[in-house]
Amino acid sequence: MKSIDIVIVGGGPAGLAAAVAARKAGCDSILILERDGELGGILNQCIHNGFGLHTFKEELTGPEYAGRFIDQAMELNIDYKLNTMVMDISRDKVVTAMNRTDGMFQIQAKAVILAMGCRERPRGALNIPGYRPAGIFSAGTAQRLVNIEGYMPGREVVILGSGDIGLIMARRMTLEGAKVKVVAELMPYSGGLKRNIVQCLDDYGIPLKLSHTVVDIEGKEHITAVTIAEVGPDRKPIPGTEERYTCDTLLLSCGLIPENELSQSAGVEMSRITSGPVVNESLETNIPGVFACGNVLHVHDLVDYVSEEAARAGQNAVKYVKGELGTVSDSTKGRINLVATDGVRYTVPSTIDPDRMEENLTVRFRVGDVYKDSYVSVYFGDERVQHRKRQILAPGEMEQIIVKKQDLLARPDMDTITIKIEKD
Amino acid sequence: MTYDVIIIGAGVTGAAVARELSRYETNVCVLEKEEDVCCGTSKANSAIIHAGYDCEPGSNMARMNVRGNAMMDDLCRDLDIPFKRNGSLVVCIHEELLPGLKELYDRGVKNGVPGMKLLTREEALAMEPNISDDVKGALYAETAGIICPFKLNIAMAENANQNGVDFRFNTCVEKLTREDDGLWHIRTNNGEYTAKYVVNAAGVYADVFHNMVSEQKINIIERRGEYYLLDRTVGDHVSHTIFPQPTKYGKGILVAPTVHGNLLVGPTAIDQEDKEATNTTPRGLSEIAEKASENVRNLPLRSVITSFSGLRAHENHHEFILGEVSDAPHFIDCAGIESPGLTSSPAIGEYIGNLLRDKMSLTEKANWISTRKDVLDPKKLSIEERNELIRKNPAYGQIICRCESVTEGEILDAIHRPLGARSLDGVKRRTRAGMGRCQAGFCSPRVMDILARELNLPLTEITKSGGKSNIVLERSKEVTE
Numbered sequence: 093m094k095s096i097d098i099v100i101v102g103g104g105p106a107g108l109a110a111a112v113a114a115r116k117a118g119c120d121s122i123l124i125l126e127r128d129g130e131l132g133g134i135l136n137q138c139i140h141n142g143f144g145l146h147t148f149k150e151e152l153t154g155p156e157y158a159g160r161f162i163d164q165a166m167e168l169n170i171d172y173k174l175n176t177m178v179m180d181i182s183r184d185k186v187v188t189a190m191n192r193t194d195g196m197f198q199i200q201a202k203a204v205i206l207a208m209g210c211r212e213r214p215r216g217a218l219n220i221p222g223y224r225p226a227g228i229f230s231a232g233t234a235q236r237l238v239n240i241e242g243y244m245p246g247r248e249v250v251i252l253g254s255g256d257i258g259l260i261m262a263r264r265m266t267l268e269g270a271k272v273k274v275v276a277e278l279m280p281y282s283g284g285l286k287r288n289i290v291q292c293l294d295d296y297g298i299p300l301k302l303s304h305t306v307v308d309i310e311g312k313e314h315i316t317a318v319t320i321a322e323v324g325p326d327r328k329p330i331p332g333t334e335e336r337y338t339c340d341t342l343l344l345s346c347g348l349i350p351e352n353e354l355s356q357s358a359g360v361e362m363s364r365i366t367s368g369p370v371v372n373e374s375l376e377t378n379i380p381g382v383f384a385c386g387n388v389l390h391v392h393d394l395v396d397y398v399s400e401e402a403a404r405a406g407q408n409a410v411k412y413v414k415g416e417l418g419t420v421s422d423s424t425k426g427r428i429n430l431v432a433t434d435g436v437r438y439t440v441p442s443t444i445d446p447d448r449m450e451e452n453l454t455v456r457f458r459v460g461d462v463y464k465d466s467y468v469s470v471y472f473g474d475e476r477v478q479h480r481k482r483q484i485l486a487p488g489e490m491e492q493i494i495v496k497k498q499d500l501l502a503r504p505d506m507d508t509i510t511i512k513i514e515k516d
Numbered sequence: 084m085t086y087d088v089i090i091i092g093a094g095v096t097g098a099a100v101a102r103e104l105s106r107y108e109t110n111v112c113v114l115e116k117e118e119d120v121c122c123g124t125s126k127a128n129s130a131i132i133h134a135g136y137d138c139e140p141g142s143n144m145a146r147m148n149v150r151g152n153a154m155m156d157d158l159c160r161d162l163d164i165p166f167k168r169n170g171s172l173v174v175c176i177h178e179e180l181l182p183g184l185k186e187l188y189d190r191g192v193k194n195g196v197p198g199m200k201l202l203t204r205e206e207a208l209a210m211e212p213n214i215s216d217d218v219k220g221a222l223y224a225e226t227a228g229i230i231c232p233f234k235l236n237i238a239m240a241e242n243a244n245q246n247g248v249d250f251r252f253n254t255c256v257e258k259l260t261r262e263d264d265g266l267w268h269i270r271t272n273n274g275e276y277t278a279k280y281v282v283n284a285a286g287v288y289a290d291v292f293h294n295m296v297s298e299q300k301i302n303i304i305e306r307r308g309e310y311y312l313l314d315r316t317v318g319d320h321v322s323h324t325i326f327p328q329p330t331k332y333g334k335g336i337l338v339a340p341t342v343h344g345n346l347l348v349g350p351t352a353i354d355q356e357d358k359e360a361t362n363t364t365p366r367g368l369s370e371i372a373e374k375a376s377e378n379v380r381n382l383p384l385r386s387v388i389t390s391f392s393g394l395r396a397h398e399n400h401h402e403f404i405l406g407e408v409s410d411a412p413h414f415i416d417c418a419g420i421e422s423p424g425l426t427s428s429p430a431i432g433e434y435i436g437n438l439l440r441d442k443m444s445l446t447e448k449a450n451w452i453s454t455r456k457d458v459l460d461p462k463k464l465s466i467e468e469r470n471e472l473i474r475k476n477p478a479y480g481q482i483i484c485r486c487e488s489v490t491e492g493e494i495l496d497a498i499h500r501p502l503g504a505r506s507l508d509g510v511k512r513r514t515r516a517g518m519g520r521c522q523a524g525f526c527s528p529r530v531m532d533i534l535a536r537e538l539n540l541p542l543t544e545i546t547k548s549g550g551k552s553n554i555v556l557e558r559s560k561e562v563t564e
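Protein chains in written order, with the numbering used here: chain S, 93 to 516; chain E, 84 to 564.
One thing to keep in mind: the hints can contain errors.
Here are some, though not all, of the chain S residues that point toward chain E, as calculated from beta-carbon distances under 7 Å [as the list claims (entries may be wrong)]: (1) Arg192; (2) Gly222; (3) Ser230.
Derived from the structure by calculation, the hints contain no laboratory data.
Keep in mind the model is a prediction, meaning the values are calculated, not measured.
Here a beta-carbon is modelled for each residue, glycine too, at the ideal position from N, C-alpha and C.
Let the hints inform the model, and build the full structure from the sequences given.
What follows is the structure in C-alpha cells.
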C-alpha cells in the first residue's frame, strides 16, 4: 500500500490552506483528494466579492480567493487528485478512494486532515408540507446552476431561510432579472451576516420576514405558489397569518450541516451542537493524527477564518508526523475543558492541553440568540479574566477570544475555561 | 396497430400483468399517462411484503396476498430485486386488545399464512428491544418482508419489454368504446389504439375507466398516506416491521427498515377527493410522529431526510376487483388495488395472465426470457472486481451521488437499459442517486448534465418527473446568445 505523510480530504479553501501550510512547515509528502473536477470547492460558484478582507486586505471574488491558494499549492508542487471520492477512512488512517483512472485505491496516511466542508439542509429535513414538484432548490444548488451552468431556475422566487447563501442568491437572481418576492426566516433573527442583509436584500428592496415559514407548497409538476405564515415563540405557524405567493422557484437556505459521514465511520467523536468533530487545541480529533478544519469542523461565516484555522491544522499535522506534537495523555490531567454556557453554543476547540498549545490560541464560538449591549466573559476556573462589551452579538456571526499560553501555564490546577454572555 | 391486449397503467399491477402476458405468443401494449413506470401509488407506499393475516378470509385480497408473498423469493431472484424477509410484529399495547391479536392470528391461519406466532411481552421485547415498553403481546409473522417497490415495478416492466411488450409513455387514455368490429377503440392524447382486450390497471383512476364501459359503477376513494423517511444512520432502530393493531382504516402507522437501510415511518390514512393529491400536510406529518411513537420508543425523528405521500386506490368494499366486467366483454378490471397491492402484484399478474391465456387460447413463447439483471451495483463487488470494472468502463470510477455512492456508470446503465430513465426521478428510482441525506442537492445538476448529454436534449428540457417539471427555465442573461 502506498504511504503518504499527510492525506487531505477535500480541496476546497480548508484543504488548500492546510496543504500550503503543511508544505511550508516542511512536509514533502502531501496529497489532496478532491471529489470535484477543480480545486477550490464551493468558492468556485461564489462569484460575488467580499472574500479575503482579513487574509489579503482586499475584496476578492470566491474564485479569485481560491485562486490565490491554488497558485500557492501549484508553486509548492503539492500533489492532488481531482474527481476522486474518498470512500472510507479507517481508524488506523488507511484512506480508500476512487476515481476513473486509478480505480479504487488505498493509501496509508501518517496523518489525515478532514476538510470535506458542509452541505445544505434539504427540504425533507425541514418537514415543509405540500407537494414535491420541480422548482425547489437548496440555495447552493441554484447558485451552481446559475453561476457555473449558466441557467436560470425561474423568474419569480421565494426564499426560505436567511442563511448567507440564500441572501447572496436573492441578489444574484435579482441581477439576472428574476423577481425575488420575499425571504422568510423561521427564527426571529437572520442566520446570515448583517452586511449580506444590507447589500443583498435592503439594497434591492427585498422584504425579509422574520418569524415566518413556508406552510404549503403548491404545484403538482412544477411549483406554482407557496404559502407563508408567521410563527409564534414555539416556532409553530399562527393560524390566520397565511399569505400566498405565486412563484416558480423556491430556494432554501436553512442551515448548513458539516459533512462528516467519513469522519464518523472512522470513529471520530462528534459534537451534537456543531455536527462536527470534537477537537483539541491542535484541531486534532479523538483519533491521534486525524485533524479537522473548515466547515467540516464547524460552519464558518467568513472563509478567511477557514483558511487561518486550516493552516493551523496543516502545521499541527506536520508536527504530528515529525513526532513533535507531543502525545495526548489518556488521563484528563493537565487538559483544560472549555465550557460554553449562557448563550454561547459551543467552542472550537473543546479542550486545551497547555503544553501543546501555541503562544496565542484562538477559540471560536457562536451565540444562540441575538444579544444587545452584552459582554463576552471568559472565566479561568471561577476567575473572570475577560469581560468585553459588545453592542451586538448574533448567531449569524462567528465570535472569537484569544487564550494565552503563559496565562494557562501560570494556573497549573485550572481545569475549566468558561465562556458566557453576560448582561453586565 | 391493433393489439391483442392493452393494459392501462404501468404501475406495479400493470407491469405484473404485462410480464405474465409476455410469456405467451400475443402482442401487448401498456399505456401510461406519466413519463415512466412506477409513478403513482407504486412509488409511494410502505414497501412491505405483507404476510396476509389481516385480509378477510375468502377474499381476493387474502388469496392474492398469500400467493403473492409466496411468489416473491423466486421472482426477486429471477428479476434481481432487493427483497428481505425481515418478519413483522403487530404490537398490542393495551391489555384489553390482546384478544384482537388472537383474532388476527386465527384469520391468518384461515388465509393459509405460514410461520405466525403469538408472542408474550417478554418474547416481543427480546426480538425487538425498541418496541414500546407498554407492549402486552405481539403477533409475529416470519414471512413478512421488505422490498424495493420501485425495482419490483421497474423489473417486471423491463422484463416484459425484453419479451416484446410495448410501452407508450405520456399517453393518457381519454375515451374507451367497444365498436362493432369487436375491438376496443382507445382514444388517447397520443392517437388512437385498438385492442381485443383491455386490462384496467389504472390505480386511483381505475373507477374512471371502469365506469366508462360499465353500468355497474364502482367508486375508488383516494386514501392518502403520508410518510417520513429517516437517514440510514438510524435504519437499524428496528429490524422487523412494526405494526400497531389494524383498524378499519387500514394497517395503521408502521415503523420499518427499508431494503436500502433507511427507516420508514407511516402512513396516515385520510380520504381525499383528488386523484393527484399527493401533498403532505402539517396534520398528517404530526400524526405520524405521534402514533408511531406509541409502538416504538425513542423514534429518531431528528434524522428525517424526507417526507412524502401516496394515494391508496381504496374501493368502497375494500376488495380487489379482478376479472372481466360482466356488462363489458373483453374489459378486465384490476381495480381497488390498495394494500396489500404491492405484495399481491405478481399473483394478480398470474391470475389475469391465466385468465387471458384461457380466453385467447394463448401458447407459450419458446424463447421467453425469464430473468433480468438490475442496474449493476459496484458496491456489491470486491475491490479487485470493482477495479476490473473501472478499467473496462471508467464511468464506474466516478461518483455522482455522494450520499448513496452512485457512480456515473450506474446512471448510464439506468438511462440506456430497456425502458430507461429520462428524468431525475427516473434515475433516482433506478440507481438511488438523489435519494440520500442531501436529497439531490449535490448530484442533481450533475445528473441533469448526464441526462442532457445522453439523451441529446438541451438542459432546459430535462425534467424532474416528466410533464412540465422542467428544472431550469432558460439560459441566464450573460450566456444568452
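A quick look at each hint next to the structure:
A distance limit of 7 Å between C-beta atoms decides the matter here; for Arg192 (chain S) the minimum to chain E is near 4 Å, and the interface restraint holds. Using the Cβ-Cβ criterion of 7 Å, the hint placing Gly222 (chain S) at the interface with chain E is satisfied: the shortest such distance is roughly 5 Å. Interface restraint check: Ser230 (chain S) against chain E, minimum CB-CB distance 4 Å, threshold 7 Å, status holds.
When each numbered hint is compared with the structure, no violation occurs for any of them.
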